[in-house]
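Asks: Letter by letter, the chains look like this.
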Amino acid sequence: MQEVVLLLTNFGFYSLKQQRIEIQKLRQGNNLILGFSIGGGIDQDPGQNPFSEDKTDKGIYVTRITPGGPADVAGLMMGDKIMQVNGWDMTMVTHDKARKRLTKKNEDVVRLLVTRKSLEEAVKQSMGGFPRP
Amino acid sequence: MDTESTYSGYSYYSGRSRGSHRHGERSRDRHKSRSKDSRSEKSVTINTPPAEPLLGDSAVRGEQVQDDNWGETTTAVTGTSEHSLSQEDIVRITKDLEDSVGLDCRRYFTRTLAVILGLLVFLTPLAFLVLPHLLWPEKLQSCGTACEGLFISVAFKLLILLLAVWALFFRPARAGLPRVFVFRALLAVLVLLFVVSYWLFYGVRILDSQDENYQGIVQYAVSLVDALLFIHYLAIVLLELRQLQPCFSVCVTRSTDGETRHYNLGQLSIQRAALAIIEHYYCDFPVHNPALLSASKSRAAKHLAGLKVYNVDGPGNNAAAGLAHSQSRAMIAAAARRRDTSHNELYYEEAEHERRVRKRKARLVVAVEEAFTHIKRMQEEEQKKAPGDVMDPREAAQAIFPSMARALQKYLRTTKQQHCHSMESIQQHLAFCITNNMTPKAFLESYLTPGPTLQYSRDHWLARQWTLISEASVTSGLKDGSIFLLKCVDFSLVVTSKKIPYIQMSEEYIDPKSHKFVLRLQSETSV
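The listed protein sequences correspond, in order, to chains L and V.
Here the first sequence stands for residues 1 to 133, where the numbers follow full-length UniProt numbering.
Here the second sequence stands for residues 1 to 527, where the numbers follow full-length UniProt numbering.
If we strip away everything but chain L, and leave its shape as in the complex, we get (with noise of 0.2 Å):
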C-alpha cells in the first residue's frame, strides 16, 4: 500500500467526490451552533489555505470540526470546500457572507453541497490499472 500511496502524491491525483450533508443545528443558550469552522473567502488570502489543492481557490472550506457536535454527527469532515449552503452558491462569496449564510437565525437545517478530496476513490481506480504482482 505504501508504494502505491507514494506513486499518488508524486503525481498529485486526487479525485474530488461531491457529498449531500444535512446538518441538524443545535441550540445553545441563545446561539444556533453548527459545530465546525470555516476558512477562506474571495477577500482571503488563498495562499494560507492547508486544505486546497489549487492554491489561488477562494472557496470557502471547513477548517475545524468540533468532534460530536452536529456536523461530525452528519459525516462533515474536515477540508471540505463548500460549494452550496442550501442552494446558495458558496463558491464566490466573502468571508463574512459565507458565515451569515451558515446561521440564518430562521434555519433549523442547513443542506451543504461539499466537495471532499478522496484518495480512497483515486485508490480503486489505480487498483484497476495496475494490477498486484
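In case anyone wonders, no lab produced these hints; they're calculated from the structure.
C-beta: ideal position from N, C-alpha, C; glycine also.
A couple of the hints might just be wrong.
The calculated lysine to aspartate or glutamate pairs, modelled on EDC-like cross-linking and capped at a C-alpha distance of 16 Å, are [said to hold, decoys possible]:
1. L:K97 with V:E524
2. V:K376 with V:D392
3. L:K100 with V:E524
4. L:K58 with V:E524
Some chain V residues well away from chain L (every beta-carbon gap over 12 Å; in silico) [to be verified]:
5. A188
6. G451
7. Q504
With chain L fixed as given, assemble chain V onto it according to the hints.
Replies: Below, chain V alone, put in the same frame as chain L:
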C-alpha cells in the same frame, strides 16, 4: 616526582629564590594533577630572561616556613647547566654580531649609494646652468627676461624635488630584507642612465661646440628637472601606489598554537609581503606563550610511552627499512586498538582548569576593586590642606599593590602568564592606570586577556630575528597559492595566499514607488 629537578627554559635563569618560589607552588598544588609539571620539556629557548620574579623574596620566605620538605624539591642551578648556557650565549652573541655587521655594511652601502646618486641628480641642473658662465663667459648671450623667469622655475622645481625625495626615500628604515628591493634598484638605474645620457648630450652638443644660446641651455636644464619630477612620480606609483589595491588574501597561522589571522595585501614581492605580515603580527596576534603548550606535549609523550616494540625475529634481517615500517605500523595498530581513556582525563582536566581560572578571576576582581577604593584623587584646593599624606602615582601604586598582589599572582600562575609580567611592570601599569583615572576593570584588562606582543616588556620582542623560508624566489611576486614560512626562534608563521576573485557586479533599479504592501487576511470563523 617531587625529587625530579625539572629544567625548563625559564627556571635556569633564576637564582635560589626563584627555585624555591617554584617549589612553593608545587607543594601548594599538591592535590592537583601534576602531569604537566613533571614532563616540562628540556627546551633551551633563547629568550632574554624575565626581569625579576613576580613577588619579591618576602612573600616566598613566608611560605618556606610552612613547608616541610622544601629542601628536597628545590630546583638547583647546577654547574653543567650554567656552562652550557654560557657557551650557547657566546655562540648566539657572535652570530648576532656577524649578522648585524653584515646587515649594517649593506645598509650603509646602499645609503651612501643613494646619497651619491641624489647629489648627482641635484647638482646636475645647477652645473648645466653654471658651466657656460665659467667656460666661455664672453661668447655667451645675455640672459633675457624669459630666461630669468626660467631660473625661478628651475629653483622651485628643484626645491619641490628635494622635498619629494626626502619624503619618499629618506624615512627611517623599517627592516632589513634578505634581497635587494627590486623596484628601487630599477629606479636608481633608470635615474642614473637618464642623468648620464643628459650629460652626454650636454657634453657633446654644448660643451664641445660652446653654444652661445644661453636661453636654450637654461631650457635644457629645465627639461631635465621636469623629467626628474616625472621619474619621481613613477617612483611613487611603483613603490607606494601599486600595492594599495588589495589583490590577495593571505592566511597567517602560528605553528605552535594555531592562531590564525587573515589579511588583504596588494601586489607585492614575497619579501615585502612577509614584512607587512610581520608588522601585522606584532599588533594582531596574542603573545606567544610556550607554557600553554606543555599540556599537549605531555599527552603526546604519554601516548608514545605506552607501547614498546620488540623485535623477535633477531638482528641481521634483510629489508631493514621494511621492518621499521612494519614496526611503526604495528605500533599504530596497537595504539588504535588500545582502550584509551586519555580523552576522559582531558575533559575533566579542562573542566577543572576552567573552574579554577574562574574562581581565581573572581577573587582577583574583588581584590582589585577593593584596592582601588583606598585611593582617591586629591583636588587642587585640598592639596594645600594636608601635604603630609600626599603621594604621587608611583607611591600610590606601591601603597595599594600588596593588597592585590597575591590574588594577581595566583591568577597569573593559573593562566600560565607569570613570566610575561614582572612585579615592576605591574606596578608601572598600576601607576599609569591611577594617573589616568582608569577603573579597576581597565587595569585588569591587560592581565585577563593576552595582548599583542608589543604590549609586553622588551625582552619578549627585542631580539627578534625572522627567517623567510620560501620555495619561490623572494623577490618574485605573490601568486595565488604561494606558501612561505616566517621562522622565528620559538615558532614559525605559515603563510598561504589566495587571489581575491574577479568581482562581476550588475545593477538593478528599484523604483521607490514600487514598495507596496497588503495585509494577509486569514480568518477562521466558527459557526
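Asks: A separate judgement is required for each hint: does it hold in the structure or not?
Replies: Here's how the hints hold up against the structure:
1. L:K97 with V:E524: Judged against 16 Å, a Cα distance of about 13 Å means the pair holds.
2. V:K376 with V:D392: Distance ~12 Å between K376 (chain V) and D392 (chain V) Cα, so the pair holds.
3. L:K100 with V:E524: Distance of about 14 Å is within 16 Å: holds.
4. L:K58 with V:E524: holds, 13 Å
5. A188: holds, 74 Å
6. G451: Holds: least Cβ distance 56 Å, greater than 12 Å.
7. Q504: Holds, because the least Cβ-Cβ distance between Q504 (chain V) and chain L comes to about 35 Å, which exceeds 12 Å.
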